[in-house]
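**Q** Spelled out, the chains give:
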Amino acid sequence: MWAGIILSLRQELMITILIFVLLVYKIGASEYKTNALLNGINLLLLANLIVGFFPCPDATSFSGMFHTNRLIVLEKNMLNLGTLLISLQAYDWLKSHRHVPEFYMLLLATLTGFFFMISSGNLLLFYLGLELSSIPLAALASFDLEKRQSSEGAMKFILSAAFSSALLLFGISLLYGATGTLGFDTIVQRLDGSAFQLFAFILILSGFAFKIAAVPFHLWTADVYEGSPVTVTAYLSVISKGAVFFIFIQLLYTVFKPIATSWYRILIILSVLSITVGNLFALRQNRLKRLLAFSSIAQSGFILAGVIGSSRIGEASVVYFILIYIFSNLGAFGVVSLISAQTGKETISDYRGLYANNPALSWVMAISLFSLAGIPPTAGFFGKFFLLMAGAGKGNYVFITIAALNMVISLYYYLKVVKAIFMDKPEQPIEKLVIPLLPNIAFIVCVAGTIITGLAGWIYDYIYSLSIGL
Amino acid sequence: MNQVPLTHILIVSTALFFIGMYGLFTRRNLITMLMSIELILNSVNINFIAFNRYLYPQRLEGVFFTLFVIAIAAAEAAVAIAIIINLYRNFHSIDVETADEMKF
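Taken in order, these protein sequences are the chains called A and B. Anchor point for the first sequence: position 31 equals 31 in our numbering, and the numbering is continuous, going up by one each time. Anchor point for the second sequence: position 79 equals 1079 in our numbering, and the numbering is continuous, going up by one each time.
These are calculated hints, taken from the structure and not from any lab test. Watch out, some of these pointers could steer you wrong.
[Said to hold, decoys possible] As a list, the in silico DSBU-like pairs of lysine-lysine whose alpha-carbon atoms are at most 35 Å apart:
1) B:Lys1103 x A:Lys416
2) B:Lys1103 x A:Lys147
3) A:Lys394 x B:Lys1103
4) B:Lys1103 x A:Lys432
Because the structure is a prediction, the values reported are computed rather than measured.
With these hints in hand, go ahead and build the complete structure from the sequences.
**A** Next up, the structure:
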């Protein structure tokens, strides 16, 4: 009995233990060497990632509140992997920071929140997980305490996060009034698509749309992404978004299954708007973090296209794309993070002629951007292809055409960065940068992942075999 | 005994929800905006308690949800006020209009 519960909660417990180890360490040690501490934490995260891959039985515990299966374990492993990569890339920024243990405590607290959110079988646990992740994220966003932009970004983030979860909660309370229960498996039996239930659903959907930065609810994204430290921006755009998509697709496919025809139309509008507006705003950006922010809005539009497919292929392609997105987006953010930590430069014009002195960084950036744009040899192409294929499964070809045309627009701004790096003549080129060991490992993993995930067909097949669909 | 009907309570909570939303969109002082969000959360609490008491009195799910919402609202306010204090140190004001370093 207890062994089963502990085994099914294994990944959450691991992270909680890590948090407590850090807490005790922080209280106990008055003096510590940041360098050794960072190495130790990264080793612990690596151990956590490896333990996560041990097989875990499907289980439902706490009277249906918490459930786990092989797909959920895989999703948690992906989030673990992304967190490890981000932590490796943060090395340059954190080694001169005074609050390293606090940073990791907050980061791991958000990760625990995401894990509980993904595994939840009850709206109460879902809400607790969501808040456990979004409150520490706001604290992380203002982690550069002296920078004006960082505190402004954090202020915008906490207000919009609080507002969006308030909307979500109002929707949950109405749904409770309409069905009289909070468990996912009992709600689905009592949904009949009445106007009251649809109203509750729309409130819940807008709460979600805030979290995944879909277009009418995207206004906070660019400012928060630009203001936060690059590491936190990477975490927000990859891990946070990925985790919210995992639970979003579960909710849509299992809980809101009876009203699938209603959410199908709403999601098409959200998707088209996100792709188009995200791309058009990205065209005029000169600051890289802002460009990546708008590009991530467009990417969530593409992921929504896969969600719309509402089939087994849809679910598999979303999980597969998020895996690719972790590798390629973290590659791009890793380069931005390293250059920003060592030189403080963050605009595209600063990157002119980067190739002259830093060929390795330039190639990492180029491969990641190609993958984000969806150019064939990289995995991004296969990810987008599966997403659009899943979206086309419903026969809505106008929508798929718009999405595909937008991939051409997105090429312009991704290639603008690549052109600046490789072809432009620099006025003041960035001098040769030293890449420390830990970020170097992260770059190798990102580039390898970006290429291999697309070519190794068994990865998609494996994800497909685990997914259930609508 | 004459009970207050459920619709009356729902009207109060919905009004509270929209008052909070209106406050959030029109006020420019960060503390007041935070208070508006608390209003929305309180309207949610009223909803939960009312639905639980009137429609589903056999189980206490709504009441427990309310307890958690109150606790989380306190945590959220703590973090938000910490962020606002830090913002005040950097900008010397808690008006949202002054925090305009980043645009477009």
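**Q** Each hint needs a verdict: does it hold in this structure or not?
**A** Results for each hint:
1. The straight-line distance between the Cα atoms of B:Lys1103 and A:Lys416 is roughly 22 Å, inside the 35 Å bound, and the hint therefore holds.
2. For the hint pairing B:Lys1103 with A:Lys147, the CA-to-CA distance comes to about 16 Å; that is within 35 Å, so the pair holds.
3. In summary, the hint linking A:Lys394 to B:Lys1103 is not supported, as the alpha carbons are separated by about 39 Å, beyond the 35 Å threshold.
4. With a C-alpha separation of about 32 Å, the suggested pairing of B:Lys1103 with A:Lys432 holds against the 35 Å cut-off.
The structure does not agree with numbered hint 3 stated previously, though it agrees with all others.
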